[in-house]
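Peer 1: The chain contents come next:
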Amino acid sequence: MKFLVCISKTPDTTTKIGFVDGNTRFDTERVQYILNPYDEWYALVRAIELKESNGGSVTVINVGSAANDAIIRKALAIGADDAVRINAEDTDAFFVASQIAAHAKDNAFDVIFAGKETIDYNGSEVPAMLAEMLDMPFVSYASHLDLAGNEATISRDIEGGEEVVSVQTPFVVSAAKGMAEQRIPNMKGIMMSKRKPLNVVEPTAVEATSVISSYTLPPAKSEVKMVDPENMDELVQLLHNEAKVL
Amino acid sequence: MSNPTVDHQNGRAAKTDLYQAHDYMLVDELLTEEQKLIRDSARAWVKKEVSPIIEDYAERAEFPSQLLKGLGEIGAFGPTIPEEYGGAGMDYTSYGLLMQELERGDSGIRSTASVQSSLVMFPIYKFGTEEQRRKYLPKLATGEMMGCFGLTEPDHGSNPGGMLSTIKDAGDHVILNGSKMWISNSPFADIAVVWAKDEEGKIRGMVVERGAEGFTTPTIHKKWSLRASATGELVFEDVKVPKENLFPDIRGLRGPLTCLSSARFGIAWGAIGAASDCYDTALRYSQERIQFDKPIGAFQLTQKKLAEMITEITKAQLLAWRLGQLKDQDRATPAQISMGKRNNVNMALEIARECRQILGGAGISGEYPIMRHMMNLESVVTYEGTHDIHLLITGMDVTGFNAFKG
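Protein chains in written order, with the working numbering: chain C, 1 to 246; chain G, 1 to 406.
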């Protein structure tokens, strides 16, 4: 079995978010980056587990510059066998999906994993586009995945319950919480990751289909106003005129 | 998925670890990507495995032995030992970063890893025969086998050269007599690296296996420090040690002191972890705790404490980083390592005490890690060369006069 895992770089969850260039670009100054948790904890670890039980190989793929090599090495340290980096700025989901599809097309992967979303832009678009471009079935938000021969049984969390889907390889799946447990890289894995192949591939010519018009931060939280429990009139007046919820 | 906020061993609720590292002078930029990944992985492991349970184990003075397997799996045992013997072949700066993160969790957990790595695996690798390396190192690396180090004796601490433990030649084996004191890991160790004098009065090193007749490891109780670490004695009464268990070539104090240099190097880093955890806790507390209608962090005296702490932590980080560079180039002298160990541990101890004050009454509570770190550091400032002895090593190094011998 050949597994491909799409991985992204996202700002650390403690990052203070700001924008530049007239609120059209994320301010990357002094931002610490991490491997997107949905890609790392669930997609990558499940792919590695399936490789460990079924044999085969796990390749990770990323679209980005050499600055992304650190998170790619982490994926290799966790247990991926090799990595591909498409050497281009990841402008939008269509661009990224097109680059991954161009690589995957000729490499006959049996299962293509992605996280259900990246924790920065929360687009959830790449795996769906990728499935369409490769003419493969797509199962989204998968919380459990078992593989028996060429048939996968996948559980999806749906509103108020669970849906179980079966699908034949090859397919694309996006992984949600529950699919696997986080694996922390160990020292040997980290040392070994240096010797694993990281192939840098030049992008194919694809135009992005969207541009960001602007970003807006959510309004800052206002201070809490304390109202005396005896003073109901003031509370009602505040809810009417300031909070405007009555 | 198991709930990481509950200690499944005893079912008690555990605390959430809010720790964030502090890097005021962007020292991170001096590290390689690999070193940062090693540091971050160790930090993640500590948050997941150590923080939720450590306060409880320290309170009950019990060693969390279930962590040994995980310590082996992440590679905390013998990380600098070459891969062919089960290590990871890491550089010393990485080893230091690993110790920093383990001690951020607890000095006792770091001690267990220090002893196994620097005082057991290192001498077997450095002084042992090829057979000894093959027999012990791979199992020590996984934690399947645990070791301890016997140098200090009841009457010989700072002066190990005066040791009374002896070995006598008895043909294919030697007869070992004596006792060792304050030995981390001794109560559960499978092997002990022991130093004793031969009939010519020369110090020899050897591996003594648990189960040897006449060899016992009584536990030391009633400690107010390193409570989550197992400490004991090693008692040898006519213990037969096969000659193939002796280190063949090393003679004299140079053997054990070489091991201690390696361990002290790790402590110089470890102390930064303990200090950072205290500082991080006190900084957050100072921003949240309101007195006289404002956060206590807004008062000048609290700011003085916090500002001096981050300054001292930053200096310690730079000292440790430089020491790591020298160690990786095999140029770090024992005296330089002494300076690093002494300065950084003292820094951590003073920061722990100041942080305890910032937290006021809450500072003495097990709800926060500070008092535990503070009590642990009282051991760390004493073991592996006391604060005063390291000062005299620096004194001797700069003046040429030995002030602690006769």
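Just so you know, these hints were derived from the structure itself, not from any lab.
A couple of the hints might just be wrong.
[To be verified] Beta-carbon label-pair distances, calculated as ranges:
1) C/Thr153 x G/Gly360: 28 to 36 Å
2) C/Ala205 x G/Leu18: 43 to 51 Å
3) G/Glu308 x C/Asn122: 38 to 46 Å
For glycine and all other residues, C-beta sits at the position ideal for the given N, C-alpha and C.
Peer 1: List, from low to high, the hint numbers that the structure doesn't satisfy.
Peer 2: The structure breaks only hint 1.
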